[in-house]
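In case it helps, my numbering puts the sequence shown at residues 8 to 392.
Bear in mind the hints are in silico, worked out from the structure with no lab data behind them.
Quick caveat: nothing in here was measured; it's all calculated off a predicted structure.
Note that CB positions come from ideal geometry on N, CA and C, so glycine has one too.
A couple of the hints might just be wrong.
Claimed, not checked - Estimated spans, in silico, between C-beta atoms of each pair:
| no. | residue 1 | residue 2 | range |
| --- | --- | --- | --- |
| 1 | 115 | 158 | 39 to 47 Å |
| 2 | 115 | 280 | 39 to 47 Å |
| 3 | 109 | 378 | 29 to 37 Å |
| 4 | 168 | 122 | 22 to 30 Å |
| 5 | 110 | 378 | 35 to 43 Å |
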Amino acid sequence: MVAPAPPGRQAGNAGTAGTCTAQQQQQQQQQQPVGARITAGDATTTTTITSQGEVPSGTMVSEDRLMEGKYCIVTGANSGIGLQVARGLMRRGAHVVMACRNMATCEEAAAALRAEGLAGSCACRAIDLELRVGPRCPYPQDFSSIRAFVRQQSTELSAGTATPGRGPGQPRHVDVLVNNAGVMGVSPANDGSDRHLTANHLGPYLLTRLLLPHMTHGSRIVNVASRAHYGGSLSLVSGPHGAKAIRNDTHHWWWQYARSKLCNVLFTAELQRRYGHGYGNFSPTNRMAASPDDDDDGGGGGGGGSGLHSSRRGIGAYAVSPGMVDTGIFRYLLPAWAHWLKTPLRPFFRTPQQGAEVVVFAASDPELEGRDALFLHDCREMTPS
8 MVAPAPPGRQ
18 AGNAGTAGTC
28 TAQQQQQQQQ
38 QQPVGARITA
48 GDATTTTTIT
58 SQGEVPSGTM
68 VSEDRLMEGK
78 YCIVTGANSG
88 IGLQVARGLM
98 RRGAHVVMAC
108 RNMATCEEAA
118 AALRAEGLAG
128 SCACRAIDLE
138 LRVGPRCPYP
148 QDFSSIRAFV
158 RQQSTELSAG
168 TATPGRGPGQ
178 PRHVDVLVNN
188 AGVMGVSPAN
198 DGSDRHLTAN
208 HLGPYLLTRL
218 LLPHMTHGSR
228 IVNVASRAHY
238 GGSLSLVSGP
248 HGAKAIRNDT
258 HHWWWQYARS
268 KLCNVLFTAE
278 LQRRYGHGYG
288 NFSPTNRMAA
298 SPDDDDDGGG
308 GGGGGSGLHS
318 SRRGIGAYAV
328 SPGMVDTGIF
338 RYLLPAWAHW
348 LKTPLRPFFR
358 TPQQGAEVVV
368 FAASDPELEG
378 RDALFLHDCR
388 EMTPS
């Protein structure tokens, strides 16, 4: 679920009640720039316009086998939006690595997807993205789950055993990484650190950084953000939403969540700046050899390591907002907060399938090929904060 933007900030133009047929959409599309419109999958798709924008009532993204043979990694793919993203990519022919913390529910979800007879395939792999930072938490242990996942992926990709149908000795790369897993409304960790920041940003950041050596020109990184980022602040010390104020604020979890989503958008912007389509062509000879165990911070760009200053170009990076979606992310909220959020806003909530549309769009739609669209909502580009 992606929480609504805080009061006083408009996260885009609000629509009015009504419906828009596919024929009307086609007429409107003639006036919109490439990449700023929804790609409908069929002529019967309709879209309901509400105060939250366009709420899709059918498949909004083409279900052609656009992803046949593609290798995709989706975190948190055992339920909610992540599960629907995995289903959407498999429907388009992709092989999806379902990277989850709870392997029991992941295997159940994978079995259900396989039973649907989709065009693609899937596999379950364990990962825990919730890093716990602080003096009481030894770093090697905190990062071990992500590093172990990347080591396993590196071995499977290099050996050519990662995808069914590909024989040994046929190495391949990661075509799509979807950083979907996240938390909202959680209490601080035992050491007092912000679990929203660690689970929603630091974990996905490290995973992305370590997987970059396995990406190439045309690969895509999709960070599931939120329009809540409009209310985020990076202030850690002072200001109305600084760390001191947050600790004394009964709504502290909201500001922490908003800050983590702002970090998602800023991280996406930096990925575009360093690897985006506007900075020349990617050259395989310029890839930096990196070890998943390398602890450098990626800031220097010179000398080994999987830092973000490599010469890799032509990787698409997109931050997306699925809208308000009723998923298991509410489980961390106090019952009163969950009731306050869900009851009056229920008419505006989207299903996980509807929320997943913009994620699948960013991961697969050919309209985005060669384009840097920083922030997407309702499959349209929006201006971030």
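Verification of the supplied hints:
no.: 1; hint: 115 with 158: 39 to 47 Å; verdict: 26 Å, violated
no.: 2; hint: 115 with 280: 39 to 47 Å; verdict: 40 Å, holds
no.: 3; hint: 109 with 378: 29 to 37 Å; verdict: 36 Å, holds
no.: 4; hint: 168 with 122: 22 to 30 Å; verdict: 24 Å, holds
no.: 5; hint: 110 with 378: 35 to 43 Å; verdict: 36 Å, holds
The structure is inconsistent with hint 1 alone, although it conforms to all the rest.
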